[in-house]
Amino acid sequence: MTALAGHKGKIGAAMLLAWLLSRFSLSSLSAVRAILVLAIENDESFYLVMASALSAVSNAIRAALLYCGWFLAAEGAAERTGKPMLAWALPALMIPVSYQISGYFHLPSVPQFGFSAFFTLLSVLFLQYICRDISRTGYKILIQVLIVMAIQWLDVIPPLTGRGFGTGEMSLAVKSVAVLMDKDDMSGSICAIFFFFNALVALLMARLFVNYEKQLSQLNLIQLRERDLIQLRHQQATTRLYQELQLLVHDLKRPLTVILGLTNLLSLSAYREVASHAEIILEATEGMNQMIDEIKTPLAMRKVNVGELLDYTMSQVRPLSWGESVIVEASDDVKRTVLKINLIRFSRALVNLLDNASNASGLNGGGSLVKISAASGEDKVIINIEDNGPGFSSADKSGVSAWGSTGLGLVFVKQVIEGGDCSISYKDRPGGGTVCSVLVPVLNSEVSE
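Residue 35 is where the sequence shown starts when you use this note's numbering, and the numbers rise one by one after that.
Honestly, the hints are just simulated from the structure, not real lab data. C-beta atoms are modelled at their ideal positions from N, C-alpha and C, and glycine is treated no differently. Do not take every clue at face value.
[To be verified] The following label-pair restraints were derived from C-beta to C-beta distances:
{"no.": "1", "residue 1": "R352", "residue 2": "S303", "range": "32 to 42 Å"}
{"no.": "2", "residue 1": "V131", "residue 2": "I264", "range": "34 to 44 Å"}
{"no.": "3", "residue 1": "F446", "residue 2": "R170", "range": "37 to 47 Å"}
{"no.": "4", "residue 1": "G295", "residue 2": "F446", "range": "29 to 39 Å"}
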């Protein structure tokens with residue numbers, strides 16, 4: 035927004051400078067006088083109409099530079115300062131001041147702030163209000179130029195001189211010759227036709243652009259609502275799936291409780307072989323019970339070391355088509371570091387990140403790299419997942435990944451990691467790709483081996 039405001043301000047300043055320079059040029063006045071001489075010598079209405087058109091166009095170009103310049107500069111100032119009233123107050127104040135300054139310094143071509151200039155200012159302000167929903171600057175400039183051009187035709191209509199229109203030197207010269215040639219009615223009628231034509235075109239263009247902007251806005255709104263609806267449906271499906279999973283896990287607890295009870299009894303058997311098998315079953319059942327608790331309750335934590343976390347994660351990754359290519363790096367000291375996490379959910383989050391890394395690496399057109407490593411930090415373990423994909427700097431901003439993923443898996447990852455007092459960050463990898471870093475707090479005690 036700031037860049038756009040600065041862009042408008044620069045264009046407005048350039049237009050104002052062009053208007054100021056045009057005040058030093060008398061070429062259009064000389065051209066009009068030469069055409070008026072031809073009109074008088076030949077008693078030809080065509081030359082009179084040509085002089086009227088040249089006068090109107092010349093004055094319109096200068097006026098458009100002044101009006102559009104101040105309106106663009108004012109819009110830029112309003113957007114930069116956050117004060118919308120500047121877009122209206124600044125042109126209303128500075129356009130008359132510009133007329134007065136040019137007269138004060140006695141520039142070669144001095145514009146007159148008469149009724150036509152005042153009427154032009156009111157008309158452009160009115161059009162600004164009508165076109166307030168138009169966001170494209172070019173559309174506003176086109177409409178302003180058309181309305182300025184329309185009013186400049188009023189300056190060369192002889193009967194309107196007494197009403198304050200056309201008091202400038204060039205306009206008065208054209209109208210005086212029309213009266214002398216007794217062609218003021220004809221000249222006034224032609225100029226009036228051009229006035230109505232330009233005014234009608236300006237209003238039609240304003241209406242067209244406003245309707246176009248509204249339709250475009252409605253289309254964007256519909257697209258946003260459709261996207262929100264799709265996301266809501268997906269969330270509802272995810273919630274339903276999670277609820278079904280919770281019910282399923284809850285149902286698994288019942289037979290598991292029976293197995294635990296019976297296995298405890300068998301472990302008390304006098305037969306050593308039966309008791310030994312029962313102990314193995316009991317250990318496996320308790321592990322399964324812990325897993326069910328972690329699936330059912332996100333806050334269920336247990337102590338594991340980094341080595342166990344990496345092994346459990348890789349046990350889920352290795353069966354995948356790309357699993358054998360994943361590089362695992364961690365020193366023995368780091369592997370013995372103890373964490374307190376929800377092993378099931380945390381490992382699934384790491385699997386999701388590894389899956390994303392594998393997909394990203396497949397986009398580079400060469401050999402893919404997917405690596406998971408662990409290192410010690412200050413009271414934390416840093417788990418890095420690297421790939422040699424395109425990286426975030428060249429990522430698509432549309433919300434859909436290059437391989438068609440919606441990114442909802444990363445939402446799950448963020449919920450799991452940040453829900454366990456951990457943190458996650460992303461950065462571009464030197465040489466290309468991405469590094470995802472997960473920081474996990476360390477416990478003081480170690481898991482017994």
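To see whether the hints hold, each was checked on the structure:
1. At roughly 38 Å, the beta carbons of R352 and S303 sit within the given window of 32 to 42 Å.
2. V131 and I264 have their C-beta atoms about 54 Å apart, which leaves the hinted 34 to 44 Å range violated.
3. The hinted window of 37 to 47 Å between F446 and R170 holds, with their beta carbons roughly 41 Å apart.
4. The hinted range of 29 to 39 Å is satisfied by G295 and F446, whose Cβ atoms lie roughly 35 Å apart.
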